[in-house]
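J.: Use these hints to put chains B, C and D onto chain A, whose structure you have.
Protein chains in written order, with my numbering: chain A, 1 to 145; chain B, 1001 to 1145; chain C, 2001 to 2081; chain D, 3001 to 3081.
These aren't lab readings, by the way, just hints derived from the structure by calculation. Where is the CB? At the ideal position from N, CA and C, for every residue including glycine. One or more hints might be untrue.
[Unchecked claim] Facing chain A, a subset of chain C residues (Cβ under 10 Å, in silico):
| id | residue |
| --- | --- |
| 1 | G2014 |
| 2 | Q2057 |
| 3 | D2061 |
| 4 | P2065 |
| 5 | F2067 |
| 6 | E2071 |
| 7 | P2077 |
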Amino acid sequence: MIRVQSMPFDSGGELNTFSSSVAGVGAIVSFTGVVRDVEGGLSNMIIEHYPGMTEKALEAIRSEAMQRWDLADILIVHRTGLLEAHESIMMVATASKHRKDAFEAAEFLMDYLKSRAPFWKKEITLDGADWVASKSEDEDALSRW
Amino acid sequence: MIRVQSMPFDSGGELNTFSSSVAGVGAIVSFTGVVRDVEGGLSNMIIEHYPGMTEKALEAIRSEAMQRWDLADILIVHRTGLLEAHESIMMVATASKHRKDAFEAAEFLMDYLKSRAPFWKKEITLDGADWVASKSEDEDALSRW
Amino acid sequence: MQVLYFSWVRERIGVPREEVQTNAVTVADLVSELREREERYNVAFADVSALRVALDQELVDFDAPLFGVNEVAFFPPMTGG
Amino acid sequence: MQVLYFSWVRERIGVPREEVQTNAVTVADLVSELREREERYNVAFADVSALRVALDQELVDFDAPLFGVNEVAFFPPMTGG
Chain A
1 MIRVQSMPFD SGGELNTFSS SVAGVGAIVS FTGVVRDVEG GLSNMIIEHY PGMTEKALEA
61 IRSEAMQRWD LADILIVHRT GLLEAHESIM MVATASKHRK DAFEAAEFLM DYLKSRAPFW
121 KKEITLDGAD WVASKSEDED ALSRW
Chain B
1001 MIRVQSMPFD SGGELNTFSS SVAGVGAIVS FTGVVRDVEG GLSNMIIEHY PGMTEKALEA
1061 IRSEAMQRWD LADILIVHRT GLLEAHESIM MVATASKHRK DAFEAAEFLM DYLKSRAPFW
1121 KKEITLDGAD WVASKSEDED ALSRW
Chain C
2001 MQVLYFSWVR ERIGVPREEV QTNAVTVADL VSELREREER YNVAFADVSA LRVALDQELV
2061 DFDAPLFGVN EVAFFPPMTG G
Chain D
3001 MQVLYFSWVR ERIGVPREEV QTNAVTVADL VSELREREER YNVAFADVSA LRVALDQELV
3061 DFDAPLFGVN EVAFFPPMTG G
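Excised from the complex, chain A in its bound form:
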């Protein structure tokens, strides 16, 4: 299941729904990205994306992970638009018979999603609004896979 949405989501609720849908599988890993605090205070966030390409990119990443690891299912939820302080930005979850597969696939999804899905974050603090710079380590992380 892949969802791109402007509405807030409840990551615990999503985890439970995902777990129920793969009941009896054994190992479930989740990653949740949260609007982080910045030096000296809270921040809000605006997430811009490229409608159409976003869904294609996420589907390609999902499909690659399903092929590489022994997975029962994958969940990807990503928000766009305006996010309040401490809200969940996105989550991925993986379900497998083997904990190693669940962990590796979740890391793979995150690494690819960071650098290959067309989302751009703008962090809004008391000092103003700034586009989050990409990190060379995020690009480097892809070389693992």
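T.: Chains B, C and D only, in chain A's frame:
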């Protein structure tokens, strides 16, 4: 936070409570272990443990992870006693500024918890009840760290 | 063809998308053409090593040919997740 | 000292814990002593490579000394998580 309990727990609810307690940290990883289906049907489970040593072992594993990675907090919940089909056996969650730390620490916790915390699982199926055998790959997994 | 801009590329150019008439053969040719048009393009495309490009919603290199392409998108490296 | 058994070791020996009077110097000595007592111990300890031992709730090797120890526990490899 470490909890060893016979009561069922809600892993989504635990994830949300944990996330709220580290609000603004950025990256949260969770692992949930579920009573898995066996060939030909559901299974129930009995988990025996060594009261006293269990808590010490989990505290040692938690403390080692807090030292090795840049973590805001760790959650470990593990059930004991009788578990129904598809119930959550245990979960760990980690919170960090860096997704790499959150992922690695969660995998470390799982690897150590599997082989160093005094829990023993007995799987109950239509064919009877059998102690789950330890896997040599679980012992091998420790050599990564 | 439709040309789309995202993130600070959009902000510098001032529009999210526009129709562009061009005979450019590759993405790099299109970039050169745009840079000569107006200063805002010149500024936005000053350092293409800081940019990414997608043709019909697939990431490509700047030497990719534009033949048959309907939609070109320029943007900085992604920062989702 | 208190001797505790868990999982199938407990099932084979038939009790979860018992008070044992011994002059055994190491865990291995204690195992030999128990095996000679009764067949159920002999069966439970037949293959110590399949067992783990903790002294006062810390995992140790079978050659560990028992001096000053209050609680010895025998069990198969853990299978939590």
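J.: With reference to the structure, classify each hint as holding or not holding.
T.: Evaluation of the provided hints:
This hint is violated: G2014(C) has a C-beta 15 Å from the nearest C-beta of chain A, more than the 10 Å allowed. Of the supplied interface hints, the one on Q2057(C) holds, with its beta-carbon coming within about 4 Å of a beta-carbon of chain A, less than 10 Å. With a least beta-carbon distance of about 15 Å to chain A, the hint placing D2061(C) at the interface is violated under the 10 Å criterion. Using the Cβ-Cβ criterion of 10 Å, the hint placing P2065(C) at the interface with chain A is not satisfied: the shortest such distance is roughly 19 Å.
Taking 10 Å as the C-beta cut-off, the interface hint given for F2067(C) is violated, the closest approach to chain A being about 20 Å. Hint on E2071(C) holds. Least Cβ distance to chain A is approximately 9 Å, under the 10 Å limit. Hint on P2077(C) holds. Least Cβ distance to chain A is approximately 4 Å, under the 10 Å limit.
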